[in-house]
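2 protein chains.
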Amino acid sequence: MKSIDYILSNKQRYLDELFELLRIPSVSADKKFSGDIRKAAEFIRDKFNEAGVDSVEIHETDGNPVVYAEKILDKTLPTVLVYGHYDVQPADPYELWDSPPFEPVIKDDRIYARGACDDKGQMYMHVKAFEAMIKHDELPCNVKFMIEGEEEVGSEHLGDFVKANKEKLAADVILVSDTSILSNDCPSITVGLRGLSYIEVEVTGPNRDLHSGIYGGAVGNPINTLCDMVSQLIDDKGHITVPGFYDKVQDLSEADRAAMAKAPFDIEMYKKELDIDDVKGEEGFSTLERVGIRPTLDVNGIWGGYIGEGAKTVLPSKAYAKISCRLVPNQDHEEITELVARHLEKIAPKHVKVKVTPLHGGQAAVIPTDSKGYRAASQAFEKAWGKTPIPMRDGGSIPIVGLFQDVLGLDSILLGFGLDQDAIHSPNESYGVFNYMKGIETITWFYQFFAKK
Amino acid sequence: MKSIDYILSNKQRYLDELFELLRIPSVSADKKFSGDIRKAAEFIRDKFNEAGVDSVEIHETDGNPVVYAEKILDKTLPTVLVYGHYDVQPADPYELWDSPPFEPVIKDDRIYARGACDDKGQMYMHVKAFEAMIKHDELPCNVKFMIEGEEEVGSEHLGDFVKANKEKLAADVILVSDTSILSNDCPSITVGLRGLSYIEVEVTGPNRDLHSGIYGGAVGNPINTLCDMVSQLIDDKGHITVPGFYDKVQDLSEADRAAMAKAPFDIEMYKKELDIDDVKGEEGFSTLERVGIRPTLDVNGIWGGYIGEGAKTVLPSKAYAKISCRLVPNQDHEEITELVARHLEKIAPKHVKVKVTPLHGGQAAVIPTDSKGYRAASQAFEKAWGKTPIPMRDGGSIPIVGLFQDVLGLDSILLGFGLDQDAIHSPNESYGVFNYMKGIETITWFYQFFAKK
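If you read the protein sequences in the order shown, they are chains A and B.
In our numbering, each residue's number is its place in the first sequence (first place is 1) plus 133.
In our numbering, each residue's number is its place in the second sequence (first place is 1) plus 133.
Think of the hints as simulated: they come from the structure by calculation, not from any bench.
Nothing false has been slipped in among the hints.
Treat identical chains as interchangeable: a pair holds within one or across any two.
Heads up, simulated BS3-like pairs for lysine-lysine below, C-alpha to C-alpha not over 25 Å straight-line:
#1 Lys405 / Lys486
#2 Lys585 / Lys516
#3 Lys486 / Lys404
#4 Lys405 / Lys395
Since the structure is predicted, the reported quantities are computational estimates derived from the model, not experimental observations.
Assemble the whole structure, with the sequences as input and the hints as a guide.
In structure tokens, the structure reads:
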């Protein structure tokens, strides 16, 4: 295929353009980067124009804008809707990065930068695959692109956009590259995603910071109390204690569990790579099941009192925690958020006041493997990688996948090319140059197979 | 007494000089203020010279310097050793101050600034009382001043200084103004102080921050684990669960408890002033007992994971807590630090690593009320306030009081004039102008009574 040769011969330019995008700190969780959010959206718009779309526009929302582009060859042909996001996770703690998060560098054939994989690198592969096919008249079907800027904060306003543009977004399949494969030797396709419920908890004790000597022992300490409350959320068997939390969780059949167990997984390697002496999770489930088919509760952040250098004997007025639950199919994120919030209020002792603020959420999703889209993705891997990909359930959440199923009635094909070692959401996020280039090839092949009669 | 008239007529200058001192941000817990530590020490030295001491010097230590001054009238006369500190607590969170912490202002006859009471205000009263007595030849005995700069971080290097200067520091009594009275209508003298054991705990899970979707549920979260550990330190009766923690705690006699119960205390006012619906503490003890005669454990600070704006789905590598225990007589702070550290290591689950770092500590102390020093202090209050002070046990810690008993064999008279409402260690720390001036008078009277044959 001419497109493939073109992709290989344009490697350096394809990398240079991605680096340009990675230099824009489009962090959606922190308002101080809103100018860069805009710059990133405009960069994508310009690249779509250069690549040869019919039209591209920056759609304003009540939050960050959505970049929409399309190329309609013939209304009778099938249509692929590509979804991706140009926003990234916060880069802090900055001091843990070996090189500045927004000054991309290549080391050992890996691109190091915030967003290198999640999702700038994976999203931009679609722009370049499209360019290659257009240049050689090898685009076999219609394509629409919807690139948002709020995925890392829960796609708060994408729902409104999708609901308001059902006609415009009409398609036969949705293609998303925002997930990982098991390894470069063992490619996989994600067929399950967890939902998310994310809240912030504020615990208030006395109305001001107190001297821990004069009041200590007599006034409830909001940090100790927050710890007590968090500790009660998970029992010693690793079960989440929030009443009703598991009510809608489906138990997998023994057959399904056996199938999952076939995935190559080395627990010792896993522990070694993370430098932990033991894993920790819900009793009665394997590590792959714990991240794949079971809901979880994690404190993502906690703070209160004096956290500076040295010692300060303060009994603080307030303590805070950010707590999120990963959800499985049928658990409704709004219902879970409500259950967790009410439970925290219920277990709060009388000596404190508790305030729970929902920060965001999304539904879990399962993607059928017997669809035309999945088969095309599987064939694309076979062609580009010479291997048949394994269907995998991923622990992560892409809230919009559930949204697309609900509003557009479309399944998403999760054609992701990341690796665990990419350390997305962590310092020193990276993405393999091999995965970037091979991903562009695979996407190009996907169109060919999907458009086949 | 001429000195008293002089004090009253120099009120404005005495306030102006204190304001100068309060403008120096001599925070000992944060190295970035070390230049201001120096400036504060030099300010004190100069004021001692102006006040008329024989000699004053800034003694270097391995930490912050000690300002030592003396006025020896006659070796046969009794000698008073005055202790105070020129360092202050950190002022953060700055945003909670109504006026900048290091720009003192007077509102409603109260001085608002970090250190206004603790201890710049109370320490400086001694300099001014001394000046007044010198000016009118009314100093009736020898006096030595030892003003340190590390009290708020545990007086780490004062011990070396005291041990190395036993001769120089020889005295008949130690006078310290770093405590509070019950109220201006009901003055009191602190006769008991709690000790302190202060540690920092670091809990490490995986070797890097992880994506909570990909690893959540399968890898132990160090924040959740830290919460579990903290929660185990105190049981549901408010007892500290560290083995051996209470072994050396003395139970007070029913008579002593009855005497304590006589102190005027309104629990409803207490709750109202702190805006709490309930107090919280060890079962079987009153609020005054909980802060006066019982040891405590408080988390003074906690942090880990993402604490910025918005939501970040991180499973962090590390979580931290600053934990301190207030100790009662006979509890050795080094032994307690050891017990707490070993216990934390013992209850740490296999999926995390725990590191405990002692930050500082000090011994508890009880001051006898039948001493010449205590009687002089009591008489000074009667003279200046027209009321006999109540002997009180205070929950705070002044580690050096225990040190002085051990090394110099001297009791400290805690002639403090603060009030609860001074909010020391908190935003908007303040000190009553009345207490500042009345304190200078009381100190002046103390010398007269103490020197009496």
